[in-house]
Amino acid sequence: MMEGQTDNTYPTTPGATGAKAGLEKLMEEMKMDTLLALEPIAIDTEKVKELAFRRILAIPEDLGHHNAPQGRRSRPMPRRSPTRRLDPTRRKMPYPRMLVAACIVVGSLFVGTAAYAIGSALMVGNNPLDWREKSSYYGYSVPNLDQFNVPIGQTLESDGASVTLDAIAIDDNLVKAFLTYRFNEPIEAYLTEEARSLYADRPDDSGFRWMAMEVVGAPSIDLGGLVLSPSIFPGGQTNLKDTDSYFADDEYRVYKTSVQYLIPEMLPDQLDVTVKISPTEGYYVLKPAVSEPLTFAATIDKGSAAQYTVAFEPGIYEFDIEGVTWKLDLKKFAKTPFGTLICYDTHNDEGLVEETRFIGRGDLRFFDQDGNSYHGISPGSANSGRLMVTFFSDLPESATSLSFCPPIKQPATHDRSYPVTDIGVKMPVTPTRGFYLRDYRIEYTPEGFVQTIVSQPYGFTDIKVDITELPPEAIEFQGTDKLYQVSFDGMSGDFQNDAGDIAPQELLGLQLSDFDPYDPATNLFTQKVRYYSAGEDTLRRIPGIRVRYSEWDVGEDYRYDFAQAKTLTFG
Amino acid sequence: MRDESRDKAADKGLLASLRVGDTLALEQAIDLFGGYVAAVIRHTLGSQARNEDCEELVSDVFVALWQAAGSLSPESRLKPWLAVVARNKALNWARAQGQAQKSAEAAQSLVSPAGDAGPYAESAIERISRDGLIIRALETLDEESRELMIGHYLKERSIKELSEATGHSQSSIKSRLFRSRKVVRTYLQQEGYA
Numbered sequence: 083m084m085e086g087q088t089d090n091t092y093p094t095t096p097g098a099t100g101a102k103a104g105l106e107k108l109m110e111e112m113k114m115d116t117l118l119a120l121e122p123i124a125i126d127t128e129k130v131k132e133l134a135f136r137r138i139l140a141i142p143e144d145l146g147h148h149n150a151p152q153g154r155r156s157r158p159m160p161r162r163s164p165t166r167r168l169d170p171t172r173r174k175m176p177y178p179r180m181l182v183a184a185c186i187v188v189g190s191l192f193v194g195t196a197a198y199a200i201g202s203a204l205m206v207g208n209n210p211l212d213w214r215e216k217s218s219y220y221g222y223s224v225p226n227l228d229q230f231n232v233p234i235g236q237t238l239e240s241d242g243a244s245v246t247l248d249a250i251a252i253d254d255n256l257v258k259a260f261l262t263y264r265f266n267e268p269i270e271a272y273l274t275e276e277a278r279s280l281y282a283d284r285p286d287d288s289g290f291r292w293m294a295m296e297v298v299g300a301p302s303i304d305l306g307g308l309v310l311s312p313s314i315f316p317g318g319q320t321n322l323k324d325t326d327s328y329f330a331d332d333e334y335r336v337y338k339t340s341v342q343y344l345i346p347e348m349l350p351d352q353l354d355v356t357v358k359i360s361p362t363e364g365y366y367v368l369k370p371a372v373s374e375p376l377t378f379a380a381t382i383d384k385g386s387a388a389q390y391t392v393a394f395e396p397g398i399y400e401f402d403i404e405g406v407t408w409k410l411d412l413k414k415f416a417k418t419p420f421g422t423l424i425c426y427d428t429h430n431d432e433g434l435v436e437e438t439r440f441i442g443r444g445d446l447r448f449f450d451q452d453g454n455s456y457h458g459i460s461p462g463s464a465n466s467g468r469l470m471v472t473f474f475s476d477l478p479e480s481a482t483s484l485s486f487c488p489p490i491k492q493p494a495t496h497d498r499s500y501p502v503t504d505i506g507v508k509m510p511v512t513p514t515r516g517f518y519l520r521d522y523r524i525e526y527t528p529e530g531f532v533q534t535i536v537s538q539p540y541g542f543t544d545i546k547v548d549i550t551e552l553p554p555e556a557i558e559f560q561g562t563d564k565l566y567q568v569s570f571d572g573m574s575g576d577f578q579n580d581a582g583d584i585a586p587q588e589l590l591g592l593q594l595s596d597f598d599p600y601d602p603a604t605n606l607f608t609q610k611v612r613y614y615s616a617g618e619d620t621l622r623r624i625p626g627i628r629v630r631y632s633e634w635d636v637g638e639d640y641r642y643d644f645a646q647a648k649t650l651t652f653g
Numbered sequence: 004m005r006d007e008s009r010d011k012a013a014d015k016g017l018l019a020s021l022r023v024g025d026t027l028a029l030e031q032a033i034d035l036f037g038g039y040v041a042a043v044i045r046h047t048l049g050s051q052a053r054n055e056d057c058e059e060l061v062s063d064v065f066v067a068l069w070q071a072a073g074s075l076s077p078e079s080r081l082k083p084w085l086a087v088v089a090r091n092k093a094l095n096w097a098r099a100q101g102q103a104q105k106s107a108e109a110a111q112s113l114v115s116p117a118g119d120a121g122p123y124a125e126s127a128i129e130r131i132s133r134d135g136l137i138i139r140a141l142e143t144l145d146e147e148s149r150e151l152m153i154g155h156y157l158k159e160r161s162i163k164e165l166s167e168a169t170g171h172s173q174s175s176i177k178s179r180l181f182r183s184r185k186v187v188r189t190y191l192q193q194e195g196y197a
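If you read the protein sequences in the order shown, they are chains A and B.
Counted from 1, the first sequence has number 113 at position 31 by the working numbering; the numbering is strictly sequential.
Counted from 1, the second sequence has number 197 at position 194 by the working numbering; the numbering is strictly sequential.
There may be inaccurate statements among the hints.
With a straight-line Cα cutoff of 20 Å, these simulated PhoX-like cross-link-like pairs (lysine-lysine) come out [unchecked claim]:
#: 1; chain 1: B; residue 1: K177; chain 2: B; residue 2: K163
#: 2; chain 1: B; residue 1: K82; chain 2: A; residue 2: K113
#: 3; chain 1: A; residue 1: K107; chain 2: B; residue 2: K163
#: 4; chain 1: B; residue 1: K82; chain 2: A; residue 2: K107
#: 5; chain 1: A; residue 1: K107; chain 2: B; residue 2: K158
#: 6; chain 1: A; residue 1: K113; chain 2: B; residue 2: K185
#: 7; chain 1: B; residue 1: K185; chain 2: A; residue 2: K107
#: 8; chain 1: B; residue 1: K177; chain 2: B; residue 2: K82
#: 9; chain 1: A; residue 1: K648; chain 2: A; residue 2: K409
#: 10; chain 1: B; residue 1: K185; chain 2: B; residue 2: K82
#: 11; chain 1: A; residue 1: K338; chain 2: A; residue 2: K358
#: 12; chain 1: A; residue 1: K107; chain 2: B; residue 2: K177
#: 13; chain 1: B; residue 1: K177; chain 2: B; residue 2: K158
#: 14; chain 1: A; residue 1: K413; chain 2: A; residue 2: K648
#: 15; chain 1: A; residue 1: K113; chain 2: B; residue 2: K177
#: 16; chain 1: B; residue 1: K82; chain 2: B; residue 2: K158
It should be emphasised that the hints constitute simulated quantities derived from the structure, not laboratory data.
Produce the complete structure using the sequences and hints provided.
Right, here's the structure in full:
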């Protein structure tokens with residue numbers, strides 16, 4: 083008998099005090115039990131997101147008119163003031179000076195030497211927040227470009243390889259050179275042991291493609307005196323993507339790759355074209371495959387080649403960013419069978435950009451007529467100065483126009499934690515970017531435990547800048563009711579702190595971290611941390627581990643100013 | 004328990020992000036709960052809704068979440084909230100389709116007697132009471148569980164009061180009530196309430 087209960091009788095007649103209400107409550111809760119026990123069913127979550135965001139973001143009709151399929155109800159998209167922010171309180175936040183470049187601290191993720199991968203980082207997708215698998219430009223563009231290619235077929239020999247310039251595709255806007263390297267030995271022979279181990283664990287043959295990129299470098303192209311080079315603007319190279327290339331044999335000797343450049347000015351039809359391959363050298367190169375410059379020369383009648391890009395008239399577009407006029411000088415905008423490129427000059431100095439809270443070069447948002455958003459990047463030397471080349475690879479055939487509008491930067495600090503047990507879960511760091519958890523494993527070894535986390539970033543515009551350090555202190559061990567928050571003193575190397583039943587020294591006696599750089603072939607970061615003190619018994623007592631992802635300081639929140647969008651209609 | 008606390012923390016984080024206008028938090032919510040919300044809508048509407056309708060209703064639910072995030076308690080659990088909103092959205096949709104009666108039957112089918120065309124709120128409770136079903140259902144419970152059910156549902160005692168009276172934690176009381184409801188529901192189903 084419960085304390086305070088005087089009898090074991092109970093009202094059973096509806097209408098008696100509390101009885102009917104109680105029964106209704108019981109019935110309602112039983113219904114809720116049923117609802118809560120339901121298992122999720124398959125649903126097109128991307129479509130749901132699109133529907134939801136069209137309403138929430140109030141995408142203007144001219145940027146995303148939703149044509150409902152027959153029989154389906156069409157959803158009016160509410161309009162609202164373009165100056166209204168999603169969260170009005172943010173406008174009141176003081177805007178901190180940018181003290182450092184964007185810095186992300188991602189627990190259990192190390193980037194380190196990802197710099198090489200940066201040049202190939204490419205964000206595209208129908209959702210501005212997506213990070214999509216890239217296409218193989220060489221592989222898929224050749225069939226599309228057959229009708230546009232000018233066959234060359236010249237072969238030059240060097241000490242370690244013979245190189246064939248297979249073809250050149252050229253029109254008023256773009257030049258693309260296709261090359262085949264035939265190495266005398268398998269590609270591994272040209273690289274140091276360090277490089278071989280660095281790329282050994284890559285999935286598929288991407289490791290070999292990365293090795294080839296170390297050995298090959300990016301050729302320059304001279305169009306009648308206009309030199310297009312990775313190190314010289316204008317142009318914008320896109321060669322440093324392992325997906326631009328492939329090995330045509332199983333021994334990794336025959337390597338096909340391509341390089342492309344925007345052509346920033348009108349050139350005569352008759353062109354002397356030179357493709358120059360420089361000697362290969364570099365930290366990871368054991369011996370060069372090309373020891374002397376190789377120069378291919380051909381005269382091309384550009385006028386007889388089919389125009390394979392759709393270009394737009396250059397022009398200067400102005401945006402009012404909080405009272406300051408911000409100019410975008412559109413130099414070149416070309417839609418090609420294998421991608422769309424834009425080249426522009428911001429005409430703004432850095433101070434003005436910062437003061438006006440504009441997020442900076444390269445962060446325009448592009449939308450097609452259906453509201454699909456594209457976010458591309460072609461970083462590297464082309465980013466230097468005020469000029470910017472951006473590349474999109476998957477603008478669909480259905481796209482008939484492209485609009486762009488400036489995002490407005492807002493200050494923000496983000497610090498979030500996520501359990502690392504739900505594979506596939508999206509882990510936003512800011513409203514615009516974060517990671518997907520792709521794999522998580524703990525392995526027990528005689529020395530201790532090894533934790534591996536594989537994450538896939540999305541929404542980053544420049545990984546080299548954005549992710550500068552990924553220390554281990556963000557790992558949290560989740561106890562029964564407390565978190566084991568492990569801090570790490572980078573100077574002394576000591577681990578400090580925490581709460582819970584398990585002392586941190588039981589967990590972390592010695593830490594070693596292995597990390598792979600960001601792999602553009604898979605869009606993954608892989609980090610492995612070895613904690614050599616905790617045994618399996620200790621770890622079994624920890625019910626969960628989670629990772630803290632944080633970002634601070636740089637105002638990576640931004641909104642889109644749709645009211646100022648400019649639209650380019652394809653011809 | 005671990006999953007419970009983890010889910011609670013995750014909900015709290017999601018809600019906090021939603022409240023500050025974090026669009027990615029909404030994406031994450033859709034990723035996490037979209038399938039579940041669709042299940043509630045499908046459960047409520049049965050086959051009368053097409054997939055397209057279902058998707059639109061699911062999106063409606065998450066737009067509602069976005070709009071309501073600022074007013075929700077930081078401690079709110081998302082799944083129950085979404086379940087209720089999804090069910091209500093589905094019912095409203097069905098009513099708009101001119102099938103209110105039919106949908107109401109479908110939606111309230113949990114404890115409605117088969118063939119009972121009357122509004123659930125009256126008929127089910129009345130019949131359960133009239134037939135003494137609830138008494139017999141409660142009598143299938145052990146004494147302590149029965150007293151908890153009576154105390155909470157028929158004598159309107161709060162979880163906290165029951166916790167203080169019994170010395171059990173509030174979460175323990177909730178768990179016992181949950182298990183008891185399951186027993187009662189099973190009994191009612193065996194007695195012809197679908």
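Practice prompt. Starting from the hint list further up, note which numbers the structure goes against and sort them upward.
Written response: 16
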